[in-house]
Amino acid sequence: MRLGPFVLRRLAISIFVLFGLSILIFLIARIVPGDPARMALGPRAPVDVVERLRQQMHLDRPLLEQYGLWLWEVAHGNLGDSLVTRRPVKQDIREFFPATLELVGLTAIFIIVGGISLGVISARYANTWFDNVVRLFSYLGIVTPAFAWAVILMLLFGFVWHIFPTYGRLTEGVIPPVTITGMYTIDSLLNGRFDLFWDAFMHLILPAIALALPPMSQAARITRSSMADNQNKDCIASMIAYGVPNRVVTGKYLLKPSLISPITVMALDIAATFGYAFMVEKIFGFPGLARYGIQVMLNKDVNAIVGVVMVLGVVFITLNIVVDIIVAYLDPRIRLLGRNV
Amino acid sequence: MSETLLDIKNLHVWFKVYGGVLKVLNGVNFNVKIGEKVGLVGEAGCGKTTTMKALLRVLPNLALIPEGDIFVRGKNILKLNSRELADLRGRGLSMIFQDPTSALNPVFTIGQQLDDIIKYSAGSSGQKVANKKNIALSALHEARLPDPERMLDSYPIQLSGGMRQRVCIAFAIATARDLLIADEPTTNLDVTIQDQVLRLIKDLVEKKGASLILITHSLGLARETTERVYVMYAGNMIEMAATSLLFKKPFHPYTQGLLASVPRLSGGGFAEGIPGRIPNYRNPPPGCRFAPRCPYAFAPCTKAMPPLIDVDDGHQVACYLYQNGQEDRRNA
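If you read the sequences in order, they're chains A and B.
Mapping of the first sequence onto the numbering used here: position 156 corresponds to residue 158, and the numbering continues sequentially without gaps.
Mapping of the second sequence onto the numbering used here: position 212 corresponds to residue 222, and the numbering continues sequentially without gaps.
Okay, chain A solo, but in the shape it has when bound (with noise of 0.2 angstroms):
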């Protein structure tokens, strides 16, 4: 299997696959009950108003003509307006992708780290005490929610020890760096503010370790499973009885075969944040994409949700797209034999 190709032949399955997706998620917000003009001009409005708000909507038209004009609007690099923000859709995700890219960033960072080093040591370890306290704690971890993580993390290190901050992106007041990607992160590395960057860091670790909690968790058990599987193997045992030192057998031969499926969950779990860090932003604050998407749901805010759906639909792709790079890498049964690609 070659590079190249096998990248734009996922690209142009990608094409079909958003495609649908912008279909499926048209229909379902035009279809829930509610009017959105109604929702959005509230229940005092007078009827011609809605009325005037619903046309200029199209939302008078029929589904597939509304789902026509709202392709030319895309295919003109717009989104339409957000009836919550009365702002351009375009302009709403510019602002709160970026915030929920650098947590979901830091959180992945935090994952894959953690739920690596601590499944490989675990399974080093077996059944010594280190492995049962990773295990125990690894249960914790994946049975409570990242909600609860967030107000156990925030009451313990933001209010009774005042170590880390507890609410939004940056210290109130303090005015944010020049805007290069939107996140907060690394545009003040660019702008050269040192202070600026300690302090958008700190405001991200708290949520980040909340939503890392439970994947990680998840990610060490099966780091720990699959390297235990593949431990008594022959191959395994063949190398230790030439003589290859245990670190080697375990750092090299045991530890690639055994990435595969935690690297495939890892990937799925991380994406899956985009969408599931609402409760966590919401607790911690912080204006990104996900509770964004919460609010315009709850608003029926139709443009709104098309649209951030539509973004976490091509993170999705994009992240499926770089898993099987990886797994294809690490294993040549798929890269050589084509198999589930």
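Everything labelled a hint here was simulated from the structure, so no lab data went into it.
Fair warning: there could be bad hints in the mix.
What the hints assert, rightly or not - Distance condition first, Cα-Cα at most 27 angstroms in a straight line; then the derived DSS-like pairs of lysine-lysine:
no.: 1; chain 1: A; residue 1: Lys258; chain 2: B; residue 2: Lys129
no.: 2; chain 1: A; residue 1: Lys258; chain 2: B; residue 2: Lys43
no.: 3; chain 1: B; residue 1: Lys33; chain 2: B; residue 2: Lys19
no.: 4; chain 1: B; residue 1: Lys218; chain 2: B; residue 2: Lys142
Given the coordinates of chain A, work out where chain B should sit on it, guided by the hints.
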């Protein structure tokens, strides 16, 4: 008599399992001299592979060795630390595993695996070995693999079963010096290439002056290849003799049954098997573990395991029928 390379004394291996302990090896005694070719026969599940894995110290995590010693060149390997152990394995011991599909790591090329094996064959610190690639290529060539150069870049899935087994043998060729353990090396292969593979193993051992332990359930294979044979049953060595002697005059009822159950091409009818099967290791019979299946079992057999005793020159058997130095079947 030549020097002893390997000496296993009274080896017990247990497996911790849910709700109990499997007492698999029950005091195994086993030795191999330098340059000797020894067979280890017995039916599936009798502990042949476990004995060898214990010798290489590659038993799974849940195994424990409550009793016994394993000496390699006079050093007790159960008392070595992991570094000394890696040194010993790298320098002297190699094992060809039963199933060539699982014995090769699926996500590394043959070349990558061979490279590390050769690298650490000089010692666990991984000193520089000159011409690693040349050693690898010539090993693959000696194992009669076509196009060794391309083989280095191949993954196991790109090879057939026979080729994989030859790759495993190439691993052994690249490093073997003292002892080669071949665990059912031909079981998973076509009959047509079984002979080639066996010849390859025999050549390798003879050329290097190494010792061979051939694990097999096929008596024919043991007869062709080895000089001395151990017969194993349910975690005990029950008979040991020079190969020719054993086939001429087997003493232990189990060995007799084993020989009788070999199907013959000439002569009609099915061979007779041994009724029953290997005992449960959780609650093994208190005496001789073969007693429940033995047609000659009598009172002492259910009390304690009979010790290995000499019945002939270099012929040992663990059976109460021969405790007086002669066959005694009056109670049967």
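Do the hints match the structure? See the list:
no.	hint	verdict
1	Lys258/A with Lys129/B	holds (20 angstroms)
2	Lys258/A with Lys43/B	violated (39 angstroms)
3	Lys33/B with Lys19/B	holds (16 angstroms)
4	Lys218/B with Lys142/B	holds (19 angstroms)
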